[in-house]
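Engineer: As a plain string of letters, each chain reads:
There are 2 protein chains.
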Amino acid sequence: MREVVIAGIGSTAFGRHAGTPIEQLAVRAAAEALIDSGLPRERIGAVYLGNFVSGPLNGKEVLAGIVADQLGLPNVPCTKVEGACASGGIAFRHAWLAVASGQCDAALVVGVETMTHAPTSQTTAALNCAMDNTNDGPSGLTFPGLFGLAWRQHAQRHGTTRAQVSAVVRKNKAAGLRNPLAQMGADLTDEQIAASAAICDPLQLFDCCPTSDGAAAVVVVARDCARGLPRLPVDVLATVQTRGASRIAGHPDLCSFDATVSAARQAFATAGLAPADVDVVELHDCFSIAEIIDGEDLGLMPRGHGGGWAAEGRTGIGGDVAINPSGGLLAKGHPVGATGVGQLYEVVRQLRGDHPNPVPGAAIGMTHNLGGTGVACTVTLLRRGDA
Amino acid sequence: MREVVIAGIGSTAFGRHAGTPIEQLAVRAAAEALIDSGLPRERIGAVYLGNFVSGPLNGKEVLAGIVADQLGLPNVPCTKVEGACASGGIAFRHAWLAVASGQCDAALVVGVETMTHAPTSQTTAALNCAMDNTNDGPSGLTFPGLFGLAWRQHAQRHGTTRAQVSAVVRKNKAAGLRNPLAQMGADLTDEQIAASAAICDPLQLFDCCPTSDGAAAVVVVARDCARGLPRLPVDVLATVQTRGASRIAGHPDLCSFDATVSAARQAFATAGLAPADVDVVELHDCFSIAEIIDGEDLGLMPRGHGGGWAAEGRTGIGGDVAINPSGGLLAKGHPVGATGVGQLYEVVRQLRGDHPNPVPGAAIGMTHNLGGTGVACTVTLLRRGDA
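In order, the protein sequence lines correspond to chains A and B. Going by this note's numbering, the residue at position 264 of the first sequence is 264; the numbering climbs one at a time, nothing skipped. Going by this note's numbering, the residue at position 111 of the second sequence is 111; the numbering climbs one at a time, nothing skipped.
It cannot be assumed that every hint is accurate.
As the list claims (entries may be wrong) - On the chain A side, residues computed to face chain B include the following (Cβ under 10 Å):
1) R28
2) N58
3) E61
4) V81
5) C129
6) L188
7) R243
Simulated from the structure, these hints should not be mistaken for lab results. No residue lacks a Cβ here, since even glycine has one placed at the ideal position from N, Cα and C.
Could you build the full structure based on these sequences and the hints that come with them?
Structural biologist: So this is what it looks like as structure tokens:
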């Protein structure tokens with residue numbers, strides 16, 4: 001396998017883009033990434049597009065080919081991949097694989113979703129496509145229900161408190177204020193969080209990521225082909241895709257997702273790094289409690305200490321590890337297919353040293369993208385090219 | 001890149017499976033392929049699932065992970081890929097890539113679709129997800145409309161007649177009678193075809209593939225790891241994925257699909273073969289006229305001679321090249337995401353010498369899977385392992 005770098009990035013704002021066709025959002029982010037990379041478009045040898053529910057919500061598929069055509073890219077393999085909320089991370093891994101294996105020297109990754117135009121009943125039904133509806137459908141659970149149960153179990157086992165979880169919300173919503181691409185930002189008090197609308201006990205409104213539109217894109221290039229490109233390259237040290245149980249009952253423990261644990265272990269082993277080496281992480285905080293679970297699963301803090309670390313500021317900038325300085329899904333937004341690629345966009349900006357909410361001196365970054373009820377996961381480790 | 005063989009195949013019947021959840025159809029075909037391969041399931045290192053419209057028609061996504069879990073496969077990357085009607089072929093190419101590049105030694109490919117449970121208005125809308133609806137939607141074209149136009153252009157340019165096109169229908173529907181997995185078979189007369197219901201002038205009912213449910217699966221293995229397996233291996237000589245114009249207006253000529261032409265050229269060049277070397281082909285006859293266009297695009301007969309070759313029996317068993325002895329999409333059926341994998345299933349059975357409608361002595365086989373309005377295409381060349 002050849003060494004691969006990220007040479008270009010692009011992103012639309014995450015938020016409301018109702019009225020903009022989904023392929024146009026994708027084209028906008030991809031064009032920005034191509035220009036940013038300095039690579040002539042003729043050099044792109046594969047396109048991977050991550051998307052989850054454009055079929056049900058837009059009546060549009062084959063988006064990889066449509067986007068490539070509109071960008072004027074050459075006749076190369078164009079593939080949509082889907083793995084629920086991990087679709088973007090899976091798209092990235094496949095572009096990495098195409099380049100690392102020598103199939104091509106450069107590949108374009110795009111993640112995109114549009115959801116805000118649809119009524120809530122329709123987006124809820126679409127999001128539930130990420131569950132095993134045959135087996136778990138009869139439980140009546142939606143994703144807030146699942147993460148509400150996870151919170152209760154985490155609280156019971158580890159003593160995690162409302163105030164600790166609120167520390168996650170306050171950190172991420174405040175970060176959103178400093179990220180121009182974020183859907184929402186706010187300086188919240190614990191009282192405001194606790195008083196926000198009840199969604200699914202114990203989740204309140206501010207514990208849940210919003211419904212979002214958006215697109216993000218990344219250009220990956222073989223290191224040998226990246227000389228002379230304008231941007232500081234970011235090295236892809238490892239990118240791992242795993243599978244977890246597909247049924248909720250298949251998880252022995254709702255306080256942990258096996259797919260995250262195994263992806264992180266494989267990624268650290270491949271990169272020759274340990275969790276303590278990571279300076280900045282964008283992880284899958286679809287709900288506030290998820291940030292705590294994910295951080296523990298990734299090994300960033302000891303099991304059961306995620307709430308405590310959040311409350312003590314150890315997951316903020318200047319703490320032990322900066323988690324979601326973009327605002328995360330909670331504040332930046334969660335245009336599902338775009339999320340995993342958007343995480344890479346954010347970490348690359350951190351490593352380039354031009355993030356609006358900077359983690360000073362960040363050299364090693366990580367992304368974590370989780371799909372469905374933990375059935376799919378990707379973890380990627382990145383390093384600043386001059387580190 | 002390592003050499004790769006197909007070591008196992010499985011397929012449900014194509015037809016009506018209403019009431020069977022889509023993931024169960026996929027599991028059935030995949031389990032058959034795994035058993036057929038003789039490979040312990042622990043050896044499977046990647047899963048690729050081709051599917052087009054399970055989201056809109058079933059409300060179910062992340063099928064790759066769900067199917068892998070239900071099969072008891074290990075924790076490996078499980079990816080759904082989508083490229084409209086070429087989804088199955090794209091899934092196969094990615095499994096090949098995973099093995100050829102050394103990511104893993106064996107991979108499972110599954111293609112699946114269920115459509116017959118939905119009302120026609122809904123399946124028509126779902127199928128139109130394969131078009132660039134922003135740009136081509138206002139034309140009002142559905143796929144029968146597009147291929148009706150292609151027929152008219154082919155007739156005008158090359159003098160292709162109703163009788164020549166009916167020869168395709170008669171051949172494929174008759175082949176369907178001999179294929180137990182086919183959705184429909186019939187011994188038809190030209191009069192019966194011409195008198196069948198008008199769909200979209202000049203297409204009659206028998207010119208159109210049916211709406212289908214079904215699943216097919218293939219196990220690919222690195223040649224070095226396939227020793228001692230029970231089945232005669234089938235060599236993957238080349239598998240190519242291309243992109244064509246995404247808008248109908250982007251095609252200079254409706255009588256030809258650029259994506260097919262370029263995929264075939266690349267595949268023959270990679271394999272060191274010429275069209276005349278091919279003994280049996282399963283190609284994308286979503287409509288009768290498509291078989292004629294595809295055959296010409298693949299180089300199997302001179303441009304403009306597709307109709308004549310069909311009428312002269314040169315595309316039947318015993319002719320110059322046996323096209324669609326499975327019955328093709330016209331008679332075997334077209335469960336969209338399954339079709340490309342089903343074509344591989346059929347050709348492997350031909351090369352193993354155990355097809356119910358055999359092409360005697362077949363040593364070189366080909367599959368051709370076309371997506372959308374020609375935006376995605378895969379072509380694969382296979383060789384009998386002892387040839």
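Engineer: Each of the hints needs a verdict: does it hold here or not?
Structural biologist: Going through the hints against the structure:
At about 14 Å, the closest approach between the beta carbon of R28/A and any beta carbon in chain B exceeds 10 Å, and the interface hint on this residue is violated. A least Cβ separation of about 8 Å between N58/A and chain B falls short of the 10 Å threshold, and the interface hint therefore holds. The criterion of a C-beta within 10 Å of any C-beta in chain B is met by E61/A, whose closest approach is roughly 4 Å, and the hint holds. A distance limit of 10 Å between C-beta atoms decides the matter here; for V81/A the minimum to chain B is near 5 Å, and the interface restraint holds.
Hint status for C129/A: holds, given a least beta-carbon distance of 4 Å to chain B, under 10 Å. With a least beta-carbon distance of about 33 Å to chain B, the hint placing L188/A at the interface is violated under the 10 Å criterion. Here the hint on R243/A is kept, as its CB sits about 5 Å from the closest CB of chain B, short of 10 Å.
The structure shown violates the earlier hints numbered 1, 6.
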